[in-house]
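Note that the protein sequences, when read in sequence, are chains X and W. Under the numbering used here, the first residue of the first sequence carries the number 1, and numbering increases by one thereafter. Under the numbering used here, the first residue of the second sequence carries the number 1001, and numbering increases by one thereafter.
Certain hints may be false.
To be verified - Straight-line Cα separation of at most 20 angstroms, DMTMM-like style, residue types lysine to aspartate or glutamate; simulated pairs:
1. K1114(W) with D199(X)
2. K235(X) with D9(X)
3. K1114(W) with E130(X)
4. K1028(W) with D9(X)
5. K1004(W) with D166(X)
No lab work stands behind these hints: they were computed from the structure.
Here's the letter readout for the chains.
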Amino acid sequence: MAETTSIADTQDIELRASIDRSLRHPVMFFFTSGAVWLALAIVLGLVASAKKHSPEFLECFSFLDAGKVDAAHMSALVYGWGAQAAFGMIIWFMARLSRKTCTASGTILFAGHLWNFGVMVGVGFILAGEGSGVAYMEFPMPVWPVLFFAFILITVWSLIQFQVRDAGHVYVSQWYLLAAMLWFPWVFITAWFFVFVLDGNPVMVAGIASWFKATLFLLFFLPVALASAYYLAPKVTGGPVHSYNLALFGFWALAFLGPWAGMQKLMGAPIPQFLPYAGAAAMVLILIPAIAVGVNILKTVIGQTDVVAQSPSLRFTAFGVVAFVIFGVLSCGLHTTNALKMVQFSYTGYGMDILGLYGVFSLCAFGAIYFIVPRITRREWLSRRFIRWHYYLSLYGVAAIVVCAIVGGVMQGAGIEDVSQPFGTMSRFASSYGWGVTLAWGFLLFANLFFCLHLLLMWARLGRRSSHPTLLKSHHASNPHGPDGEVDNYDTPTASSAH
Amino acid sequence: MTFKAFIFGLLASFGFPWLVAVVIPFAKMRSLEPVKFAEGSDQSGPYIPARDGRVTEGSKIYGQEGCATCHTQVIRPTYAGNDIHREGWAGLQASLDNPDTRRATFANDFRGEKVAHIGMSRVGPDLANLGRRLETHLKGDGQTPLEWVMLHLYNPRSTPNYADNQTIPDRSSCPSKNGLFNVVPDYQGRGGALKVEAPEGKAVVPTDRARALASYLVSLKKDMLNQPVPASLNTNPKAAASAK
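Extracted from the complex, chain X is given alone in its bound form (with noise of 0.2 angstroms):
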């Protein structure tokens, strides 16, 4: 008996080890890639924060005014990096929990390149003034459909993948991994259809940018965060996920309420009265499945808390789980009627993208990227020190931009609906926040130096060769990922580890 299930394991390791290989490529490409792309983000994103404040700086540049400098920094973050750490986690899970090992890493080494290719032309075309002048779709018209045939070609292996993988348990993390897969073509296609092919009522085109860029985050990049989050939680802390049918309930609840969401930023503009209240609603609602979620992550690895302190991977993934159930709640509070007059065009909504795209999904993607570069790479990450910065200031930086953003906002925003103040008061007002966002992008901008220092190491395979994962405390007593081993042995409890 004993000598089946050491043989087994053994084939299973090998598995995982041929799927790693095959993916090895593709993977390190898009993360790399993406960790440079967020670099260049958080540098725009510190230009554009200092600009709202000090007009002055950097003036001399015609092409890094505000405004411009704004959508290349939001494109960036979106599209340069939040897009692409989501096809590294993509295909690396889907293959892992679909056991299958990929072979079509050439065309999506390729097609990874063509996406860098759009992007890059993208934000090249924003910054030259030539975007599509569009809010929130700011890239010029005929990037769209390149980003599109690429994503096309990067996501297509996993869905076959899941297809032929052999009949068994379909995981949570799979459900959102496929559902993220089939939204994101459906939205991206309407929206570039709507906006830039059909010819429609300006408002309503307005309105369907709107939309857009909120799916985009709820049916895209938040599924691809809770699905790292389902994947990672049990196999770190080596227990089952807490609840099934809590687990089920956030899932749907999210694929109800995420399609109505967007057009709350419209409220009060001549389109359809119902749409804003739709997606008004639709973000208060929100709370439900936040709730769901992170009471079901959380008391996964509750009892285990040594093992989240320890673990880079688990640190990330439980701190973007919380963050998350803050967007919920904030969510809620801010998409209120009386609330929304405020906050409706205040900096409160650029607080809340960024807890989105930087709180719940950067920080759930780099617990991923913490667990999976090391079983690429065959290497171990080299610096507990660089990985413990990175955490920290990761932290106070996305903590501090939404506190000086929100409050900021909700104090702006109320300024300008009280008329008997004149307007300019209140932008000045508003513009202290402003110095509090810039001083957190510049945390967060070392944060990404330690970061993408890091995973450059990394790629050129300077980790260190060692069987034991770089745990955030000073020696080896005990490893939560189960005995030591080969790099490979230690990512599920196997029969080997459950003693």
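Fit chain W to the given chain X structure using the hints.
Same frame as chain X, now just chain W:
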């Protein structure tokens, strides 16, 4: 949950809102009924606020330059905000010269534009009625709205920071769009140069993009001067009636 049920659930949960909140409203809004004056009033026919200037081109440049990041162009009805009550934003208040022309934004305000620049935030003031506000504000100053806008684009801190019909002595936080201007050798009799300090023998002239953008900005008007607002758009019918 079977795979079939899963896919059906996804199609249904996304497909329904997709149809109801995106496709159908889009199709319906392609052919909107024009807003008409009530039968029997002094005015008749559709209410179409006049717009002149390089609207389509200027609107595109407005978007490309990212003006919508900090400026909105929407006057929300009172259920959604207090915009109508900010002086000048929504139209002109009743006076001896004109009836009350304040109203919320309606779809026809964006006629000729590819996308309505509703805007992301109000770091700067709303621009929905900028053209008319400037006209009122600059009356008797000897400066036209177009000249003011050009100067503001080139150096926002050279023009008085003007919002709510109040000249605030403080500095504007608007960034300069100096990339839309060229510094060229000056010669006697050159027209179109900005009245700003330039290096010796040089003049600052707007590019074509700047001209289009400025033309678009001064075309932003919520009202037809001295024309009442149709009853269906009027938020303050009593004031309009008493002004007559």
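Do the hints match the structure? See the list:
{"no.": "1", "hint": "K1114(W) with D199(X)", "result": "holds (8 angstroms)"}
{"no.": "2", "hint": "K235(X) with D9(X)", "result": "holds (16 angstroms)"}
{"no.": "3", "hint": "K1114(W) with E130(X)", "result": "holds (15 angstroms)"}
{"no.": "4", "hint": "K1028(W) with D9(X)", "result": "violated (61 angstroms)"}
{"no.": "5", "hint": "K1004(W) with D166(X)", "result": "holds (17 angstroms)"}
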